[in-house]
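Note that the protein sequences, when read in sequence, are chains A and B. First residue of the first sequence? That's 534 in the numbering used here, and the numbers climb one at a time after it. First residue of the second sequence? That's 6 in the numbering used here, and the numbers climb one at a time after it.
Please note that the accuracy of each hint is not assured.
What the hints assert, rightly or not - Lysine to any residue pairs mimicking SDA-like chemistry, simulated, CA-CA at most 20 Å apart:
| id | chain 1 | residue 1 | chain 2 | residue 2 |
| --- | --- | --- | --- | --- |
| 1 | B | 124 | B | 167 |
| 2 | B | 79 | A | 564 |
| 3 | B | 79 | A | 554 |
| 4 | B | 79 | B | 16 |
| 5 | B | 124 | B | 63 |
| 6 | B | 79 | B | 29 |
| 7 | B | 79 | A | 558 |
| 8 | A | 608 | B | 60 |
| 9 | B | 124 | B | 147 |
| 10 | A | 608 | B | 16 |
| 11 | B | 79 | B | 50 |
| 12 | A | 608 | B | 22 |
| 13 | A | 608 | A | 691 |
| 14 | A | 608 | B | 57 |
| 15 | B | 124 | B | 138 |
| 16 | B | 79 | A | 562 |
| 17 | B | 124 | B | 164 |
| 18 | B | 124 | B | 151 |
| 19 | B | 79 | B | 46 |
| 20 | A | 608 | B | 58 |
| 21 | B | 124 | A | 564 |
| 22 | A | 608 | B | 165 |
| 23 | A | 608 | B | 29 |
| 24 | A | 608 | B | 143 |
| 25 | A | 608 | B | 18 |
| 26 | B | 124 | A | 537 |
| 27 | B | 79 | B | 143 |
| 28 | A | 608 | B | 63 |
| 29 | A | 608 | A | 643 |
| 30 | B | 124 | B | 159 |
| 31 | A | 608 | B | 30 |
| 32 | B | 79 | B | 45 |
| 33 | B | 124 | B | 141 |
| 34 | A | 608 | A | 647 |
| 35 | B | 124 | A | 536 |
| 36 | B | 124 | B | 154 |
| 37 | B | 79 | A | 552 |
| 38 | B | 79 | B | 162 |
Keep in mind that the hints were calculated from the coordinates and are not lab data. Only a predicted model underlies this, so the values are computations on that prediction, with no experimental measurement involved.
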Amino acid sequence: MNPLTALPRPDAATLDRLHARLVDAAADDDTLDVAYRTVDTPLGSLLLAATPAGLVRVAYESEGHDAVLSALATKVSPRVLRAPSRLDATAREIDDYFAGRRHVFDLPLDLQLAHGFRREVLTHLRDIAYGSTASYSAVAAAAGRPTAVRAAASACAVNPLPIVIPCHRVIRSDGSLGGYLGGAAAKQSLLALESAA
Amino acid sequence: MSGCVRSRSVSLPPFESIVAEHGAVVLRVCRAVLGPDDAEDAWSETFLAALRAYPRLRPDSNIRGWLITIAHRKAIDGYRTRNRAPLAVAELPHEPATSDVYELPDAALEAAVRALPDKQRQVVAYRYLADLSYREIAELVGGTEAAARRSSADGIATLRRTYAPEEPE
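In isolation and in its complexed conformation, chain A is listed as follows (with noise of 0.2 Å):
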């Protein structure tokens, strides 16, 4: 029998302290380089992941939370740590917006995840305002590729910060709603709540 059984076993509450008390410091030494949070909205839990240079991912549940800290773990960096306070802005913002209150994020971005054309997409993607949509082709076009029309989907369907860039407001030419990461009813959702505003 292991003769140490019996030491005390460190409660939850000390190992939370001691968690904050290691986030504090990781950002005070410039280590760390991913924080996250979740936040609940309507649409389920969204993942919240930021860098020291702004939001770098928004996740759905569907996405598999897991999956996309390990793809940031490899991607940007393996100093992954949960830090909720550290998104607090981005959580009130994500909060307002489900609310109803808030039109327009004003939030650092990190668009480190998105490369040439498709960061170019992304780029414009925030031009599109509240309550309105436009198509794929039209998101082409503003990206200075008119006939990347495919292209401008697929980067409307791998954006890194889904809702805060509102890959949501861009719907096919013949209207129907085209695909969404967050699935077919999300998108419809944003939608609805944007038009009920």
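For chain A, the structure is supplied; the task is to place chain B on it using the hints.
Okay, now just chain B, sitting in the frame of chain A:
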């Protein structure tokens, strides 16, 4: 060749999962070796140093062994030499039912562990709390594997003498 392929396809998990999986063990080791007052500072120092070094860690490393090594080198060894306060063996609750602490066998065991000589205390904690092998322990505390094994046996023998779990009434 296959080694190269493996090192490229295996990647490090988010550091958060390292804290979640090993945070409690490292804190138990720090408490056993340093006592409750210095344990939390040692834990914090250990995990901050680990976070700094983490991107350079080989993905197939023994994570718990790595963390205990950092704790030992950065924190435990340093604290030991900085605060060489003699341990109050006399305060150990040998007499049943007179001391408050004796009503808590966990605290009594903690005190008994704290009363062990430095090296025995480290070896016992690394072996029985962190589950390191005697070879790994010998690399940390110095000396041979056989010497680490002896220190552990001596420490456990002392604990059996100084610590008796409370008897059922």
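Status of each hint after checking the structure:
Taken as a hint, the residue 124 of chain B and residue 167 of chain B pair is honoured in the structure, with Cα atoms around 17 Å apart against an allowance of 20 Å. Restraint check for residue 79 of chain B and residue 564 of chain A: satisfied, since their Cα atoms lie roughly 18 Å apart, inside the 20 Å limit. Between residue 79 of chain B and residue 554 of chain A the CA atoms are separated by roughly 18 Å; this keeps the pair inside 20 Å, and the hint holds. Taken as a hint, the residue 79 of chain B and residue 16 of chain B pair is broken in the structure, with Cα atoms around 26 Å apart against an allowance of 20 Å.
Proximity of residue 124 of chain B to residue 63 of chain B is assessed by CA-CA distance (about 29 Å); at most 20 Å being required, the pair is judged violated. Proximity of residue 79 of chain B to residue 29 of chain B is assessed by CA-CA distance (about 18 Å); at most 20 Å being required, the pair is judged to hold. The hinted pair formed by residue 79 of chain B and residue 558 of chain A meets the criterion: a straight-line CA distance of about 16 Å does not exceed 20 Å. Restraint check for residue 608 of chain A and residue 60 of chain B: the C-alpha separation of about 12 Å stays at or below 20 Å, so the hint holds.
Restraint check for residue 124 of chain B and residue 147 of chain B: the C-alpha separation of about 10 Å stays at or below 20 Å, so the hint holds. Taking the CA atoms of residue 608 of chain A and residue 16 of chain B, the gap is about 10 Å. The hint holds against a cut of 20 Å. Among the hinted pairs, residue 79 of chain B with residue 50 of chain B is consistent with the structure: their alpha-carbon atoms are about 7 Å apart, no more than 20 Å. Of the supplied pair hints, the one linking residue 608 of chain A and residue 22 of chain B holds, its CA atoms being roughly 17 Å apart against a limit of 20 Å.
At most 20 Å may separate the alpha-carbon atoms for a hinted pair to count; residue 608 of chain A and residue 691 of chain A meet this at roughly 15 Å. For the suggested pair residue 608 of chain A and residue 57 of chain B, the alpha carbons sit about 17 Å apart, so the restraint of at most 20 Å is met. For the proposed pair residue 124 of chain B and residue 138 of chain B, the alpha carbon gap of about 15 Å is at most 20 Å, so the pair holds. For the suggested pair residue 79 of chain B and residue 562 of chain A, the alpha carbons sit about 17 Å apart, so the restraint of at most 20 Å is met.
A threshold of 20 Å between alpha carbons decides the hint, and for residue 124 of chain B with residue 164 of chain B the separation of about 14 Å falls inside it, so the pair holds. For the given pair, residue 124 of chain B sits about 14 Å from residue 151 of chain B by alpha-carbon distance, which is consistent with the 20 Å threshold. The hinted pair formed by residue 79 of chain B and residue 46 of chain B meets the criterion: a straight-line CA distance of about 11 Å does not exceed 20 Å. Between residue 608 of chain A and residue 58 of chain B, the direct Cα distance comes to roughly 17 Å. Compliance with the 20 Å bound is thereby established for this hinted pair.
Distance hint between residue 124 of chain B and residue 564 of chain A is unfulfilled; the C-alpha atoms sit about 33 Å from each other, more than 20 Å. Between the alpha carbons of residue 608 of chain A and residue 165 of chain B the distance comes to roughly 51 Å, so the proposed pair goes past 20 Å and is violated. With a C-alpha separation of about 28 Å, the suggested pairing of residue 608 of chain A with residue 29 of chain B is violated against the 20 Å cut-off. Taking the CA atoms of residue 608 of chain A and residue 143 of chain B, the gap is about 37 Å. The hint is violated against a cut of 20 Å.
Restraint check for residue 608 of chain A and residue 18 of chain B: the C-alpha separation of about 11 Å stays at or below 20 Å, so the hint holds. Between residue 124 of chain B and residue 537 of chain A the CA atoms are separated by roughly 16 Å; this keeps the pair inside 20 Å, and the hint holds. Taking the CA atoms of residue 79 of chain B and residue 143 of chain B, the gap is near 17 Å; set against the 20 Å cutoff, the hint holds. Restraint check for residue 608 of chain A and residue 63 of chain B: the C-alpha separation of about 16 Å stays at or below 20 Å, so the hint holds.
For the given pair, residue 608 of chain A sits about 13 Å from residue 643 of chain A by alpha-carbon distance, which is consistent with the 20 Å threshold. The suggested pairing of residue 124 of chain B with residue 159 of chain B holds, with an alpha-carbon distance near 11 Å, which does not exceed 20 Å. A distance of roughly 29 Å separates the Cα atoms of residue 608 of chain A and residue 30 of chain B; the hinted pair therefore is violated under the 20 Å criterion. Simply put, residue 79 of chain B and residue 45 of chain B have alpha-carbon atoms about 13 Å apart, close enough for the 20 Å limit, and the pair holds.
The hinted pair formed by residue 124 of chain B and residue 141 of chain B meets the criterion: a straight-line CA distance of about 14 Å does not exceed 20 Å. Using a Cα cut-off of 20 Å, the hinted pair residue 608 of chain A and residue 647 of chain A holds, with the two alpha carbons roughly 11 Å apart. About 17 Å separates the Cα atoms of residue 124 of chain B and residue 536 of chain A, which keeps this hinted pair within 20 Å; it holds. Taken as a hint, the residue 124 of chain B and residue 154 of chain B pair is honoured in the structure, with Cα atoms around 11 Å apart against an allowance of 20 Å.
Straight-line distance between C-alpha atoms of residue 79 of chain B and residue 552 of chain A comes to about 19 Å, which keeps the hinted pair within the 20 Å bound. Simply put, residue 79 of chain B and residue 162 of chain B have alpha-carbon atoms about 29 Å apart, too far for the 20 Å limit, and the pair is violated.
In terms of the numbered hints stated before, the structure departs from hints 4, 5, 21, 22, 23, 24, 31 and 38, listed from lowest to highest.
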